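Chains A and B, in that order, give the protein sequences. Residue numbering for the first sequence follows our numbering, starting at 183 and increasing by one per position. Residue numbering for the second sequence follows our numbering, starting at 2 and increasing by one per position.
If you're looking for bench data, these hints aren't it; they were derived computationally from the structure. Some clues are possibly wrong.
[As the list claims (entries may be wrong)] Partial pick of chain A residues on the chain B-facing surface, computed with a CB cut under 10 Å:
(1) Arg343
(2) Arg349
(3) Ala350
(4) Asp354
(5) Thr357
(6) Met370
(7) Leu371
(8) Ser437
Because the structure is a prediction, the values reported are computed rather than measured. Don't be surprised by glycine CBs; every beta carbon is placed ideally from N, CA and C.
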Amino acid sequence: MTALIQAALDAVYLGSLFALYALGVAMIFGIMRLINFAHASLITVGAYAMAVTANLPLVLRILVTVAVCVLLALLLEFVAFRGLRGADPATLLVTSFAVSVLLTALCEATFGSLPKASPLDDWFQLSWVFGSVYVPTLNGVTIIVTALLLIGLSLFLAKTRWGTHMRAAAEDFTTARMLGVRANRVIMLAFAISGVLAAVAAILLVGTTGTVTPIFGLAPVLYGLIAAVVGGLSSLRGAVLGGFALGITSQLLQSFLPGDLRPFRDAFLFAAVFLLLVVRPQGLISPKQGERI
Amino acid sequence: MTETTRPLLDVQDLTVAYGTLTAVRGVSLYVQPGEIVAVVGPNGAGKTTTLSAVAGLLRPRGGTIAFHGRSIDGEKPEDVVRRGIALVREGRHILTSLTVEENLLLGATCRPDREQVRRSLDEQFSRFPILAERRSQHAGYLSGGEQQQLAIARALMSSPQLLLLDEPSLGLAPRIVDGVFETIVALREDGLSILLVEQNATRAVEMSDRAYVMGTGRVTRSGTPEALGEGGGMAAEYLGLEPEVTP
Numbered sequence: 183m184t185a186l187i188q189a190a191l192d193a194v195y196l197g198s199l200f201a202l203y204a205l206g207v208a209m210i211f212g213i214m215r216l217i218n219f220a221h222a223s224l225i226t227v228g229a230y231a232m233a234v235t236a237n238l239p240l241v242l243r244i245l246v247t248v249a250v251c252v253l254l255a256l257l258l259e260f261v262a263f264r265g266l267r268g269a270d271p272a273t274l275l276v277t278s279f280a281v282s283v284l285l286t287a288l289c290e291a292t293f294g295s296l297p298k299a300s301p302l303d304d305w306f307q308l309s310w311v312f313g314s315v316y317v318p319t320l321n322g323v324t325i326i327v328t329a330l331l332l333i334g335l336s337l338f339l340a341k342t343r344w345g346t347h348m349r350a351a352a353e354d355f356t357t358a359r360m361l362g363v364r365a366n367r368v369i370m371l372a373f374a375i376s377g378v379l380a381a382v383a384a385i386l387l388v389g390t391t392g393t394v395t396p397i398f399g400l401a402p403v404l405y406g407l408i409a410a411v412v413g414g415l416s417s418l419r420g421a422v423l424g425g426f427a428l429g430i431t432s433q434l435l436q437s438f439l440p441g442d443l444r445p446f447r448d449a450f451l452f453a454a455v456f457l458l459l460v461v462r463p464q465g466l467i468s469p470k471q472g473e474r475i
Numbered sequence: 002m003t004e005t006t007r008p009l010l011d012v013q014d015l016t017v018a019y020g021t022l023t024a025v026r027g028v029s030l031y032v033q034p035g036e037i038v039a040v041v042g043p044n045g046a047g048k049t050t051t052l053s054a055v056a057g058l059l060r061p062r063g064g065t066i067a068f069h070g071r072s073i074d075g076e077k078p079e080d081v082v083r084r085g086i087a088l089v090r091e092g093r094h095i096l097t098s099l100t101v102e103e104n105l106l107l108g109a110t111c112r113p114d115r116e117q118v119r120r121s122l123d124e125q126f127s128r129f130p131i132l133a134e135r136r137s138q139h140a141g142y143l144s145g146g147e148q149q150q151l152a153i154a155r156a157l158m159s160s161p162q163l164l165l166l167d168e169p170s171l172g173l174a175p176r177i178v179d180g181v182f183e184t185i186v187a188l189r190e191d192g193l194s195i196l197l198v199e200q201n202a203t204r205a206v207e208m209s210d211r212a213y214v215m216g217t218g219r220v221t222r223s224g225t226p227e228a229l230g231e232g233g234g235m236a237a238e239y240l241g242l243e244p245e246v247t248p
């Protein structure tokens with residue numbers, strides 16, 4: 183029983199992280215039909231922001247990191263993607279690759295290719311102990327922060343004026359504009375939110391790795407993209423669901439695969455993804471059936 | 002006939018192209034305050050393209066579009082609606098994941114005064130009682146006729162001076178079509194100017210003050226219903242159309 187609870191908590195932790203990654207990708211895709219690979223760079227730069235500010239108090243580090251990621255996201259929108267509105271999705275994807283490669287090179291030129299220390303406070307290395315169940319503080323914090331972000335974002339989208347604008351733009355961008363929704367504002371808002379999500383992902387992730395390299399954000403965004411596709415790329419709910427599905431499956435395989443098969447965990451995981459997409463190419467949630475957001 | 006008043010909408014020599022395909026070549030038309038002006042013609046005549054250019058969805062390649070004497074060509078759709086022009090597109094384009102009320106409030110995005118928006122909302126609910134009944138339902142559950150009412154009500158929420166209607170009767174049952182046309186007449190009586198594109202040429206021309214007949218990107222004839230022929234029925238005959246199936 184204890185082992186089961188332990189495994190479940192670990193699974194929810196990984197699911198939370200994947201959901202954060204997936205949401206950052208889906209946020210932009212929903213509005214712009216852009217698969218924003220440069221989200222990886224946002225996470226990397228966020229982690230470097232944590233490294234550069236390592237001597238400051240945690241609250242300040244978090245604020246700086248969030249600010250850096252949001253500003254960079256807005257800058258990317260303005261410089262790289264604004265001129266490409268309505269362009270072919272392939273063009274957008276290639277542009278986001280180019281942006282990502284450029285920023286990776288910039289990080290390498292600035293900070294070198296060796297890992298740079300980006301530690302979180304010691305407090306995060308402690309564990310919360312409930313009987314015989316151990317929850318590392320970082321895992322607990324990740325689960326709680328993700329839950330709060332998801333609740334906050336849903337409330338924002340459901341209850342506020344701007345949230346309604348975003349939902350409208352995600353469903354039918356042209357109609358939303360004709361009704362007076364300003365295209366620039368909605369897209370900038372989506373990028374800003376993806377910046378916040380990248381910053382939070384970076385902060386939580388440096389908690390486990392402790393170091394940053396120029397390709398820090400790459401794997402998270404790959405997993406996020408896969409999770410978003412599993413969930414249904416144009417639905418935010420789908421992205422969150424996909425994130426949790428992928429994270430939980432991965433962790434359960436890790437916990438319950440026989441020892442000699444464990445190194446092949448990801449092979450099993452992606453075989454499952456492959457099978458799912460053969461059966462349900464549109465992902466778990468498709469916009470036709472439900473809402474887009 | 003009305004040289005004395007400046008037209009509300011004045012389109013001169015409009016040319017619109019999709020890549021190398023020129024859909025509208027040199028179209029001129031105008032709408033006076035309080036008029037219903039119909040634009041009729043077969044599929045592919047450039048009617049929808051003309052409306053889209055006026056609403057800012059397409060950038061004209063040539064010509065001018067003036068509203069209240071000020072040039073609006075090349076403006077973005079979100080700015081055109083702020084000038085007082087609302088377009089109800091063909092196919093209604095209801096946001097199905099939003100509720101009826103959210104759709105309506107979205108139509109008032111450009112209006113800052115919440116109290117006035119509330120009042121507009123109440124006006125729409127009394128004009129279209131079915132929308133009041135369904136206000137908190139997802140708009141995807143409405144029938145075609147109800148969606149058309151919602152699309153018109155949503156456009157009215159921006160408090161426009163000029164309403165552009167693209168094929169409002171398309172795909173609706175005859176009884177519902179009657180309702181839509183009655184609404185259009187009632188809106189004009191409230192002082193709204195209307196530019197109406199219709200394939201249901203006979204009825205559109207009959208209810209209009211003036212009409213333009215378009216074919217292959219040009220205005221081929223224009224004038225009052227009387228001038229165009231026996232109650233505009235001639236326009237339909239001349240075009241050899243009548244209820245045509247469109248995708």
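Verification of the hints:
1. Hint on arginine 343 of chain A holds. Least Cβ distance to chain B is approximately 8 Å, under the 10 Å limit.
2. This hint holds: arginine 349 of chain A has a C-beta 6 Å from the nearest C-beta of chain B, less than the 10 Å allowed.
3. This hint holds: alanine 350 of chain A has a C-beta 5 Å from the nearest C-beta of chain B, less than the 10 Å allowed.
4. Hint on aspartate 354 of chain A holds. Least Cβ distance to chain B is approximately 6 Å, under the 10 Å limit.
5. Hint on threonine 357 of chain A holds. Least Cβ distance to chain B is approximately 4 Å, under the 10 Å limit.
6. For methionine 370 of chain A, the shortest C-beta to C-beta distance to chain B is roughly 14 Å, which exceeds 10 Å, and the interface hint is violated.
7. The beta carbon of leucine 371 of chain A comes no nearer than 14 Å to any beta carbon in chain B, farther than 10 Å, and the hint placing it at the interface is violated.
8. Look at serine 437 of chain A: its Cβ only gets to about 38 Å from chain B, farther than 10 Å, so that hint breaks.
Hint check: violations occur at hints 6, 7 and 8; the rest are consistent with the structure.
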